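Engineer: Next come the chains, spelled out residue by residue.
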Amino acid sequence: MAPSLPQFSAARMRSYVFRLPLFTRSIIGVILVLWVASYQGVFDLVQWGALIPKEIGISTMYRTNTFPLIHRGVFHTFFNLIALAPLLERFEAEYGTLTSLALFVGPLSTIPALLYTFIERGILGMNTAVLGSSIWVFTLLATEACKTYKTNPSFQLGTVQVPTWITPLVMVVFVSVLVPNTSFLGHLCGLAFGYGWGLGYLKFLAPPEWALRWIEGKLNLLGRLPHYVSVDQKTYGRFGVLPTTNASNISLPTGDRMQVEMGLVGTSGSLLRRDPRLLKVPPYLSFLCIVIGVAWLLVLPLDNYSRKTYISENALLPGQVHTYFAGSDQNVFRGYKREVDGMGEWGNVEVNDKLEEFFKASGLKVARQRYEYTSAGETYSGENIYAILHAPRGDAEEAIVLVGAWTNVEGELNKSGVALVLTLARYFKRWSLWSKDIIFLITADSRAGPQAWVDAYHDTHQKGVQSLPVKSGALQGAVVIDYPFDHRFESLHVVYDGINGQLPNLDLLNTVVSIASGQMGIGASLQKMWQHTDTYKDRLTTMLRGMMNQGLGHASGPHSSFIPYHVDAITLQPYGEGWQDEMAMGRVIESTFRSLNNLLEHLHQSFFFYLLMQSSRFVSIGTYLPSAMLVAVNFTIMAIFLWVKSGSTPSPDSKVGSTSEKSGPLAIIKKEDAVAIVPEELLEARERDFFLPLGVVVGSHFLGVLPLYVFNHTPHALLPIIFYLFSALNLLLPLLISSTLTHSFAPTLQQYQLLKSFSLLFLGMFLSALATLNFSLAFLIGLLAAPLTYIQPFKSTVITALYVVLMALLAPTSVLFAGTWYWNLGVGAVLREAAFGWDVWGMNTQVVVWCVWWPGWVVGVIQLFGRPRVREKGKA
Amino acid sequence: MNVERRKVAIFGAAAAVRFLLFTCFPGLPDLLTGRVEISTPVTSFKRLQEGLFLYNHNVSPYDGGVYHQAPILLPLFALLPSSQSWPSMTYLLYILVDILSANALMKIAKSGEGGSSSLYCSPRMGKKWSGYAIAAAFLFNPFTIATCIGRPTSVFTTCAILHAISKAVVGSSFTSMFALSIASYLSMYPVLLFPPLILLCYDRRGPKQQNDSLLSFVSGNVMGVGGFLYSLFHMSYIITGSWEFIESTYGVQLLLPDLTPNVGLWWYFFIEMFDSFRNFFLGVFWLHLSSYVAGLTIRLRRQPLFVIITLLGIFAIFKPYPSISDTSLYLAMLPLYRHVFPLMRYTFLALSTILYATLLGPAFYYLWIYAGSGNANFFYAITLVWSLGLSILVADALFAVLRDEWEVERPEMRGKEIRQI
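Going down the list, the sequences are from chains A and B. Under full-length UniProt numbering, the residue at position 78 of the first sequence is numbered 78, and the numbers go up by one with no gaps. Under full-length UniProt numbering, the residue at position 162 of the second sequence is numbered 162, and the numbers go up by one with no gaps.
A portion of the hints provided could be inaccurate.
[What the hints assert, rightly or not] In silico SDA-like links for lysine to any residue, alpha-carbon gap of 20 Å or less:
id, chain 1, residue 1, chain 2, residue 2
1, A, 308, A, 521
2, A, 645, B, 349
3, A, 645, B, 347
4, A, 645, B, 343
5, B, 127, A, 690
6, A, 645, A, 278
7, B, 128, B, 407
8, B, 416, A, 10
9, A, 645, B, 345
10, B, 416, A, 648
11, A, 645, B, 351
12, A, 463, A, 370
13, B, 128, A, 690
14, B, 416, A, 647
15, A, 54, A, 126
16, A, 354, A, 331
17, A, 147, A, 192
18, B, 128, B, 347
19, A, 463, B, 28
20, B, 127, A, 647
21, A, 471, A, 565
22, B, 127, B, 407
23, B, 107, B, 132
24, A, 645, B, 346
25, A, 463, B, 27
26, B, 416, A, 644
27, A, 645, B, 415
Everything labelled a hint here was simulated from the structure, so no lab data went into it. Predicted, not measured: the structure shown is a model, and the values here were computed from it.
Sequences and hints are given; from them, build the entire structure.
Structural biologist: Spelled out as structure tokens, the structure:
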């Protein structure tokens with residue numbers, strides 16, 4: 001008989017799952033519940049329930065029963081369930097639910113467990129804990145193998161006759177070789193019991209049949225419980241044939257078989273499509289996606305999900321060198337400091353004249369660069385000055401940059417910072433160990449200056465920015481000093497966010513943190529968390545602040561401009577009142593530069609995508625990405641759901657009235673003798689009218705260019721007025737479009753569904769692509785746009801009104817306004833910053849807001865005001 | 001003249017959109033020219049400029065190993081004013097080529113070959129889009145527009161293929177073969193379209209050739225193609241002064257020395273491969289690509305136009321240097337079979353996969369090349385997804401057409417769910 005491979009069919013799979021008997025279901029349920037429960041942090045379920053040989057005593061006997069139900073991790077649970085479900089289903093179908101319950105709660109887990117404990121503890125003297133239902137899997141496999149052996153004693157492998165009962169043994173060996181962390185001995189114990197059962201030696205363990213019958217009859221279990229398998233049924237199994245001979249063993253000629261299948265599952269796909277239960281799932285599923293997405297993010301700060309940072313690149317060797325920046329250099333620093341203090345009121349060019357003298361006196365090559373940017377009707381200009389220290393041991397192919405902006409991000413004079421750069425330039429020049437060039441850069445400000453310099457260094461500068469007269473090699477890293485006060489400091493604040501949410505390699509940050517805290521004893525903090533107590537709340541706050549900065553995508557310091565060019569960069573800001581002096585700061589820089597000097601290749605070893613919880617704890621992309629992806633997937637699920645829904649014919653009750661007038665084409669269906677005439681429409685998926693919805697969605701996405709252009713090209717004085725005008729217009733616009741649509745096109749319900757489907761599809765698509773580039777922005781926008789998933793033309797005015805209020809609150813303009821109010825900024829200032837970001841930094845956040853989020857919002861509100869046309873009678 | 005006015009309106013609008021994009025965003029053409037999704041080593045406009053420079057300075061354009069395109073393009077572009085000083089002339093040429101392609105497409109649609117070929121008449125043929133809609137779908141397809149702005153030379157191949165088909169459906173086999181020869185001369189792979197195309201010509205042959213047998217018809221046209229190709233090669237020999245061009249153009253397509261990333265599947269595979277297996281797998285890949293021709297031609301003998309369309313889809317996936325221009329050609333031809341769309345099952349899936357890949361491709365390329373935080377696997381994974389989406393679309397369309405044929409044989413199965421066993 002030719003073995004016919006079982007064909008996978010979704011319908012059959014579904015019906016199989018729905019036919020699973022009661023005990024199997026409950027075991028699966030219990031395993032899943034325990035798996036989910038094992039994720040809480042309060043109570044260590046695994047430790048409580050595992051079979052640990054040394055722990056087994058009279059009071060802890062429960063372990064012999066609980067261990068098969070508890071699993072470690074997703075894969076363990078998943079694969080065990082996949083293996084267990086079909087075997088258990090067969091067992092239950094054969095023996096009945098009650099027997100299975102009695103056996104699996106009792107001897108089937110206890111005996112192998114005791115056997116295992118005995119061998120492991122008594123004979124081998126070890127103490128390996130075991131967990132998971134795989135022991136049952138092997139027990140059941142062994143019983144199945146015994147059954148097979150009776151009907152079919154051996155199979156042929158080459159010339160050798162292999163007895164069939166051996167297959168579970170082979171499997172145990174393979175599993176223990178292929179799958180890590182599996183208990184060979186535990187599986188063997190399971191097998192031993194299974195063979196014993198299969199050969200009939202252990203049948204006495206099963207409860208007597210008359211007792212079961214009595215219980216069953218008294219409690220009327222068959223009538224009360226769904227999917228219950230009776231003790232009586234077991235005689236013939238549930239299928240009328242013995243379950244050991246399943247369908248694949250029945251040898252039907254292929255032709256017959258085909259007909260049988262044609263008759264049974266002739267319409268698998270369309271059945272699935274029209275199943276009302278299946279059509280109800282997606283909205284809940286997508287809601288679940290959002291909830292899990294948010295919950296996922298919230299558990300990240302827990303110890304189990306975040307990791308301690310570590311240095312990945314061995315060449316860095318942070319803090320391994322002795323630092324010599326001290327002693328007489330402090331006098332040099334004081335001298336420079338005095339000079340810088342004196343230049344506080346000077347013009348840019350005069351300052352640079354003086355700085356040039358200093359650098360030249362240190363024996364460095366100096367050059368200057370003028371730049372001028374225009375943005376929102378304002379001009380930002382200045383002159384950068386930089387000096388290059390050529391590496392005594394290098395060939396000018398690589399360079400590291402030390403930056404001190406003349407004024408910092410807040411506009412304060414960076415007096416100690418600039419003085420420190422000058423001192424370090426003089427100090428570094430004395431050393432002969434540099435293998436990379438060092439560039440000392442003093443920019444005129446912290447926003448435009450660094451951008452102009454980096455752009456020009458890579459020859460991508462705009463008009464108005466001068467080219468650099470002198471250059472060195474490829475930039476390997478940049479460190480910025482932001483030290484605008486005179487007094488001593490307590491700790492270092494490390495700023496690391498780049499433009500558009502790009503981050504420097506985590507190794508750079510780790511190096512600085514480990515040098516500061518390990519070598520120098522200076523604490524390091526992130527994201528303005530001046531007091532970090534390492535609690536959940538503080539970790540979460542740090543992470544959320546980091547996400548906010550990343551999501552906004554603006555420059556948080558002079559270092560931000562370097563990061564888009566794949567130059568890893570950070571800003572160091574001393575803060576607080578403490579006893580660390582400027583020399584300690586200088587030593588941190590010195591040690592960092594020595595580490596960077598060690599690099600053999602560009603920083604690449606460690607993570608580029610991470611969220612930091614505190615200076616020594618992070619989550620990597622693999623752990624956090626699913627949360628944003630889940631939020632984005634929610635849109636995609638709904639889009640697919642709506643597409644399917646729009647294609648299926650409307651429910652029959654709405655049709656009854658119009659049947660008599662239907663004039664659509666009829667199809668004649670002949671089946672054997674019967675002939676039926678069916679409207680063709682019922683048979684084919686409904687044609688979709690997708691031009692109008694597609695046009696509206698694509699049109700609104702293109703319309704997004706308008707606010708993008710307006711907000712980036714308006715003089716700053718007009719920005720607030722334009723913003724308020726636009727906000728007002730923004731609330732009216734969807735209403736206007738919606739009424740235009742209803743008047744001139746009268747869209748049907750299907751078209752509204754397609755409108756939403758396309759809009760959500762685009763949203764999901766953009767956000768999941770964005771999540772790979774700027775996770776935080778994708779997550780934030782996904783969350784703010786989440787209500788769009790459930791929007792539709794509601795019948796009830798109350799819901800519509802509520803939704804209108806919600807949508808008005810979640811409009812991009814309202815969110816922007818709320819943000820400015822919350823952070824106490826003016827709308828004008830924020831918009832000016834955004835325009836500056838667009839013109840100078842190449843920030844892309846606006847594009848996402850106006851061309852992804854805003855169009856989605858507009859289309860959402862259009863649906864809210866939409867009135868689907870009632871289907872005209874007679875129109876097929 | 002209402003009809004003509006619609007044509008003028010569509011063409012005018014398409015030309016205007018392209019011209020606006022060219023002129024309003026002066027950085028755009030160069031940006032798109034650099035995109036690997038649009039420009040491949042064998043079609044890149046930048047490489048054409050390099051070849052042109054060498055040609056204008058009387059150096060063999062194939063010196064330096066950058067230029068891999070047909071020699072006849074050189075005199076053509078040398079006649080145009082330089083694209084540096086007079087870019088608008090180049091722009092106009094590309095816009096014109098696109099419009100010529102659309103015009104040919106419109107003619108194919110008008111012939112009604114999609115719904116009813118001479119051997120087969122679909123029961124659904126009433127459901128179709130007009131030629132204007134099909135031409136508009138081609139002209140306003142973002143892929144086509146991006147291709148036009150990126151100015152790869154594959155647009156000339158596209159134009160030639162479309163003309164070959166449009167001539168074949170009216171039965172003028174001579175012109176059709178001429179166009180096919182030009183397409184093959186420019187890009188080599190269109191020569192694989194010969195079998196279905198000749199059948200299409202044969203099915204639609206004029207009254208004069210009505211008595212020709214298939215064999216004599218085919219052999220006559222094979223001679224024709226051979227003659228055209230020979231004269232084109234000889235012309236190229238005269239232009240470049242040596243036969244070196246064969247190796248640098250067709251040799252590159254066959255042997256794949258340039259492994260610049262593209263949307264296809266070959267580059268990554270051949271980067272990873274040990275050199276000793278290279279020749280073997282080159283053979284396997286080419287064999288795979290060409291093996292579809294015979295099978296499809298025989299199976300779909302009654303609808304040769306659909307064979308051509310499916311082959312174009314397969315080429316867009318499995319060619320050595322595919323680009324989105326090949327995809328746009330396939331997507332342009334597919335609406336000719338509008339009547340089988342209701343039978344397709346995975347359109348939404350396939351199209352959203354393609355859309356996802358379109359967005360994620362550039363994002364991952366950016367992460368790999370510019371941000372440095374990704375690597376080649378990122379981009380390759382997306383090209384796999386892209387190819388997957390395209391293959392679902394191709395297979396689904398093929399299924400729909402086969403189903404359509406099957407329902408003619410077995411009308412009682414109309415509208416019933418079927419599955420393959």
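Engineer: Which of the listed hints are broken here?
Structural biologist: none
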